Amino acid sequence: MTNLAALATALPDTEQGLACAGTSLESRTFHVRRKTFLFLSPTQARLKLATSAAEARKLGIPVGANGWATLQLDALPPAAVLKRWITESHSLVVPARPRKSRK
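First residue of the sequence shown: 0, per numbering that gives the first Met the number 0; consecutive thereafter.
I should point out that these hints are in silico values taken from the structure, not numbers from a laboratory.
Accuracy of the hints is not assured; some may be wrong.
[Claimed, not checked] Simulated restraints, written as ranges between beta carbons of each label pair:
#1 Ala74 - Lys34: 25 to 31 Å
#2 Ser90 - Gly21: 30 to 36 Å
#3 Arg56 - Ser90: 18 to 24 Å
#4 Pro61 - Ser90: 29 to 35 Å
#5 Gly21 - Lys57: 35 to 41 Å
#6 Ser40 - Asp12: 21 to 27 Å
#7 Leu17 - Leu58: 25 to 31 Å
#8 Gly21 - Gly59: 28 to 34 Å
#9 Leu17 - Arg56: 27 to 33 Å
#10 Lys82 - Ala20: 24 to 30 Å
#11 Thr50 - Gly21: 33 to 39 Å
#12 Asp73 - Pro11: 26 to 32 Å
[Stated by the list, open to error] Once the Cα atoms are required to be at most 30 Å apart in a straight line, the calculated DSS-like pairs of lysine-lysine come out as:
#13 Lys57 - Lys34
#14 Lys57 - Lys82
#15 Lys34 - Lys82
Every value quoted in this text rests on a predicted model; they were computed, and no experiment measured them.
Cβ coordinates follow ideal geometry from the N, Cα and C atoms, glycine included.
With the sequences and hints as input, model every part of the structure.
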């Protein structure tokens, strides 16, 4: 099985956290500057997609109106697809760095 946590933590500036601790919704979180791009629970992963949302839907993966896809850990797509999707999710939440103005 693909190690989703390893894929996420390999991305720049990624930190880990815990959401909904002590509840049935408890999930490990992977975020950049307090913007989460991956939620990982014992049975599923949730990540944000934009350009890959249609691809995920074709694979039968539900994608919500805001682009959050829910993947069942027992039916994951191939590792190369997961790596691309996690990278996409990361890039969607990383705030653009302001450009230095020229004077």
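Going down the list of hints, with the structure as the test:
no.: 1; hint: Ala74 - Lys34: 25 to 31 Å; verdict: 27 Å, holds
no.: 2; hint: Ser90 - Gly21: 30 to 36 Å; verdict: 32 Å, holds
no.: 3; hint: Arg56 - Ser90: 18 to 24 Å; verdict: 20 Å, holds
no.: 4; hint: Pro61 - Ser90: 29 to 35 Å; verdict: 22 Å, violated
no.: 5; hint: Gly21 - Lys57: 35 to 41 Å; verdict: 37 Å, holds
no.: 6; hint: Ser40 - Asp12: 21 to 27 Å; verdict: 23 Å, holds
no.: 7; hint: Leu17 - Leu58: 25 to 31 Å; verdict: 28 Å, holds
no.: 8; hint: Gly21 - Gly59: 28 to 34 Å; verdict: 32 Å, holds
no.: 9; hint: Leu17 - Arg56: 27 to 33 Å; verdict: 29 Å, holds
no.: 10; hint: Lys82 - Ala20: 24 to 30 Å; verdict: 28 Å, holds
no.: 11; hint: Thr50 - Gly21: 33 to 39 Å; verdict: 36 Å, holds
no.: 12; hint: Asp73 - Pro11: 26 to 32 Å; verdict: 30 Å, holds
no.: 13; hint: Lys57 - Lys34; verdict: 27 Å, holds
no.: 14; hint: Lys57 - Lys82; verdict: 18 Å, holds
no.: 15; hint: Lys34 - Lys82; verdict: 19 Å, holds
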